[in-house]
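Using our numbering, count along the sequence shown one by one with no gaps and you end on 326.
For the record, the hints were derived by calculation from the structure and aren't laboratory data.
Just so you know, not all the hints are guaranteed correct.
As the list claims (entries may be wrong) - Label pairs and their calculated CB-CB ranges:
hint : residue 1 : residue 2 : range
1    : Asp313    : Thr217    : 23 to 29 Å
2    : Glu117    : Arg276    : 52 to 58 Å
3    : Ala53     : Thr217    : 23 to 29 Å
4    : His178    : Ala284    : 40 to 46 Å
5    : Gly155    : Thr217    : 19 to 25 Å
What the hints assert, rightly or not - In silico DMTMM-like links for lysine to aspartate or glutamate, alpha-carbon gap of 25 Å or less:
hint : residue 1 : residue 2
6    : Lys15     : Asp83
7    : Lys15     : Glu236
8    : Lys98     : Asp288
9    : Lys15     : Asp247
10   : Lys214    : Glu320
11   : Lys106    : Asp199
12   : Lys302    : Glu236
13   : Lys302    : Asp247
14   : Lys98     : Asp70
15   : Lys106    : Asp70
16   : Lys302    : Glu259
17   : Lys214    : Asp246
18   : Lys214    : Glu145
19   : Lys106    : Asp137
20   : Lys15     : Glu117
21   : Lys302    : Asp246
22   : Lys98     : Asp137
23   : Lys15     : Glu264
24   : Lys214    : Asp258
25   : Lys302    : Asp233
26   : Lys302    : Asp83
27   : Lys302    : Asp232
28   : Lys15     : Glu32
29   : Lys106    : Glu287
30   : Lys302    : Asp70
31   : Lys98     : Glu287
32   : Lys15     : Asp70
33   : Lys214    : Glu267
34   : Lys302    : Glu264
35   : Lys106    : Asp77
36   : Lys214    : Asp199
37   : Lys214    : Asp137
38   : Lys106    : Asp288
39   : Lys106    : Glu117
40   : Lys15     : Asp212
These numbers come from a predicted model, not from an experiment.
Every residue gets a Cβ at the ideal spot worked out from N, C-alpha and C, and that includes glycine.
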Amino acid sequence: MAKVTSARQMSDSRKRIVVTGGAGLIGSHLCERLLAQGHAVLCIDNFFTGSDANMQRMLQHPGFAVLRHDITQPIPDGAPPADAIYNLACPAAPVHQKIDPVRVLKTTINGAMNMLELAMRSGARILQASTSEVYGDPTVHPQPETYWGHVNPVGPRSCYDEGKRAAEALYFAYHRQHGVRIKVARIFNTYGPRMHPNDGRVVSTFIMQALDDKPITIYGSGGQRRSYTYVDDTVEGLVGLMQSPDDFCGPLNIGNPDEFTLGELAETILELTGSRSEIIHLPAVAEDPERRQADVALARSKLGWSPRVPLRDGLRRTIEYFRSIR
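Kindly generate the complete structure, drawing on both the sequences and the hints.
Structure follows, in structure tokens:
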């Protein structure tokens, strides 16, 4: 049974903001940002992938509360009303998509519906954290929001890709039919402190391998190109989108337009860590896209947003974090 783990009540004098998945990488940084702005924040998380440690600095804040709850189930009637909702909850790491694809689909689809129902009851504005994965293995580079994608609906990655695409459809259906005020953000690869060290994502994997002087494992040629966005930049984009006028719903890309190959990422991490690790190549992963690059022209024009943290600076901060938790 869900329960509020903080005894403090949210103040009616501030905006009451709900963040699902608030114990995760992006969610915990977002909660801190919203608290710093003076809002009252309710974090909803089932802690399947989120961590208590990510919230330690916030637990003593008078405006912060935690509801331990799985959003695949309806939100309890006793939950406080919300002025705004950020729906970030979803097992996003490849390891979770592989071992529990049904949970991923339930969270993205059932969870989206439950949060939309809460937004409709509360009259809240709601933001859906979608993903660049909706573009699949794109044939257009960089990917603008107008691109419909190239996705295999029954492939090994489809639980996440198709779940997020279905969630976007739900958001726009609730907007058109019920007038729910929605925002849809398509988030590209995000990294930074509080990443889980064993989630299978390339940044965390390479850093941990380098710090342990173990071989850095690249699946495929290493020529796959990706856009990496530091978590502070991602949070800035999400807050800006939520604060944008009601007549702009998105979808909106939040990512870094600068591309790096996996090989370049590995070499940079080796340099920054001073590791003695060697780089080894293993067979390519099925349906791993060759390129994923954010077109952020719309974010620049609508929000004045673009990423500010260079990859090397963000990697240094992330490496320091991983050193501290070893």
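Structure-based check of each hint:
1. Asp313 to Thr217: 23 to 29 Å: Hint holds: Cβ distance 25 Å, inside 23 to 29 Å.
2. Glu117 to Arg276: 52 to 58 Å: holds, 54 Å
3. Ala53 to Thr217: 23 to 29 Å: holds, 26 Å
4. His178 to Ala284: 40 to 46 Å: Since the Cβ atoms of His178 and Ala284 sit about 44 Å apart, the hinted range of 40 to 46 Å holds.
5. Gly155 to Thr217: 19 to 25 Å: holds, 22 Å
6. Lys15 to Asp83: Holds, because 6 Å separates the two Cα atoms, which is no more than 25 Å.
7. Lys15 to Glu236: holds, 18 Å
8. Lys98 to Asp288: Cα-Cα ~14 Å, so holds.
9. Lys15 to Asp247: holds, 21 Å
10. Lys214 to Glu320: Holds. Lys214 to Glu320 sits at ~18 Å (cutoff 25 Å).
11. Lys106 to Asp199: holds, 20 Å
12. Lys302 to Glu236: Given pair Lys302, Glu236 holds - Cα atoms ~13 Å apart, limit 25 Å.
13. Lys302 to Asp247: holds, 11 Å
14. Lys98 to Asp70: Within the cut-off at roughly 20 Å; holds.
15. Lys106 to Asp70: holds, 10 Å
16. Lys302 to Glu259: holds, 23 Å
17. Lys214 to Asp246: violated, 50 Å
18. Lys214 to Glu145: violated, 39 Å
19. Lys106 to Asp137: holds, 23 Å
20. Lys15 to Glu117: The hint holds at about 19 Å.
21. Lys302 to Asp246: Within the cut-off at roughly 12 Å; holds.
22. Lys98 to Asp137: holds, 18 Å
23. Lys15 to Glu264: Distance of about 43 Å is beyond 25 Å: violated.
24. Lys214 to Asp258: Violated, because 28 Å separates the two Cα atoms, which is more than 25 Å.
25. Lys302 to Asp233: Holds - the C-alpha atoms of Asp233 and Lys302 are around 16 Å apart, at most 25 Å.
26. Lys302 to Asp83: holds, 22 Å
27. Lys302 to Asp232: Roughly 19 Å separates the two Cα atoms, so the pair holds.
28. Lys15 to Glu32: holds, 14 Å
29. Lys106 to Glu287: Roughly 23 Å separates the two Cα atoms, so the pair holds.
30. Lys302 to Asp70: violated, 33 Å
31. Lys98 to Glu287: holds, 13 Å
32. Lys15 to Asp70: holds, 23 Å
33. Lys214 to Glu267: holds, 14 Å
34. Lys302 to Glu264: violated, 32 Å
35. Lys106 to Asp77: holds, 21 Å
36. Lys214 to Asp199: Given pair Lys214, Asp199 holds - Cα atoms ~17 Å apart, limit 25 Å.
37. Lys214 to Asp137: Cα-Cα ~30 Å, so violated.
38. Lys106 to Asp288: Satisfied, since the Cα-Cα distance of roughly 23 Å is no more than 25 Å.
39. Lys106 to Glu117: Status holds; Cα separation ~16 Å.
40. Lys15 to Asp212: Distance ~44 Å between Lys15 and Asp212 Cα, so the pair is violated.
Violated hints, in rising order: 17, 18, 23, 24, 30, 34, 37 and 40; the structure is consistent with all others.
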